[in-house]
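One-letter residues, chain by chain:
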Amino acid sequence: GEDVEQSLFLSVREGDSSVINCTYTDSSSTYLYWYKQEPGAGLQLLTYIFSNMDMKQDQRLTVLLNKKDKHLSLRIADTQTGDSAIYFCAETNFNKFYFGSGTKLNVKP
Amino acid sequence: EPEVTQTPSHQVTQMGQEVILRCVPISNHLYFYWYRQILGQKVEFLVSFYNNEISEKSEIFDDQFSVERPDGSNFTLKIRSTKLEDSAMYFCASSEWGGLQETQYFGPGTRLLVL
Chain A
1 GEDVEQSLFL
11 SVREGDSSVI
21 NCTYTDSSST
31 YLYWYKQEPG
41 AGLQLLTYIF
51 SNMDMKQDQR
61 LTVLLNKKDK
71 HLSLRIADTQ
81 TGDSAIYFCA
91 ETNFNKFYFG
101 SGTKLNVKP
Chain B
1 EPEVTQTPSH
11 QVTQMGQEVI
21 LRCVPISNHL
31 YFYWYRQILG
41 QKVEFLVSFY
51 NNEISEKSEI
61 FDDQFSVERP
71 DGSNFTLKIR
81 STKLEDSAMY
91 FCASSEWGGL
101 QETQYFGPGT
111 RLLVL
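The listed protein sequences derive, respectively, from chains A and B.
Residues in the first sequence are numbered from 1 upward in steps of one, following the working numbering.
Residues in the second sequence are numbered from 1 upward in steps of one, following the working numbering.
Please note that the accuracy of each hint is not assured.
[Stated by the list, open to error] So the derived label-pair ranges between C-beta atoms look like this: (1) A:Thr25 / B:Glu85: 41 to 47 Å; (2) B:Leu113 / A:Gln44: 22 to 28 Å; (3) A:Asp58 / B:Asn52: 32 to 38 Å; (4) A:Asp54 / B:Thr103: 16 to 22 Å; (5) B:Gln41 / A:Asp26: 34 to 40 Å.
Quick caveat, the hints were computed from the structure, so don't treat them as lab data.
Ideal placement from N, C-alpha and C gives every residue a C-beta, glycine not left out.
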């Protein structure tokens, strides 16, 4: 079955760039997503990328997709303390989403 | 901005009891979903719902679970005879249409604790 893997933790200093990585197994994935979950809150869609794209940029966020290696990354430029949260990678297969375990980003002042 | 809402935010129940988790999807959305996240584990798909019937369900979604759209705004998940392992955060989501290109919008979740 589909599997999405992420590293569990990332710690960065405020102002640095953060790079959160994700690997997936389903080669038929068409869309890949990044969601943010703050403590006690639901999943907030940050951005998504279509599989025929290599890169998508949205303000401080840059998504890179290597379809050959099935590797997705999210780069957050100028990371702020408000970016501290859990970040989930997800891929779709028809109407089902398959999520990674989430990467907890800790931003130190 | 429209958002998906869920009630209650927290629910504590005794093993064997029935619970109903409620969701109000975004008003013009036609597809509805339930997911769960056991503490420390991945978010898992449970079921998708369209046109008053289940369109897809996972192996987790067995006879213990049912979904219903009782009126034009609510979407419910019923768990019969709850078990300890049903303790999790349950997320509702909705999308305007189905299909791979449609973004699902998630509610804040209901934390269910079965004692």
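Going down the list of hints, with the structure as the test:
1. A:Thr25 / B:Glu85: 41 to 47 Å: Because 26 Å falls outside the window, the suggested range is violated.
2. B:Leu113 / A:Gln44: 22 to 28 Å: Holds, at about 24 Å.
3. A:Asp58 / B:Asn52: 32 to 38 Å: For Asp58 (chain A) and Asn52 (chain B) the Cβ distance comes to about 36 Å; the hint holds.
4. A:Asp54 / B:Thr103: 16 to 22 Å: 21 Å, holds
5. B:Gln41 / A:Asp26: 34 to 40 Å: With Cβ atoms ~19 Å apart, the hint is violated.
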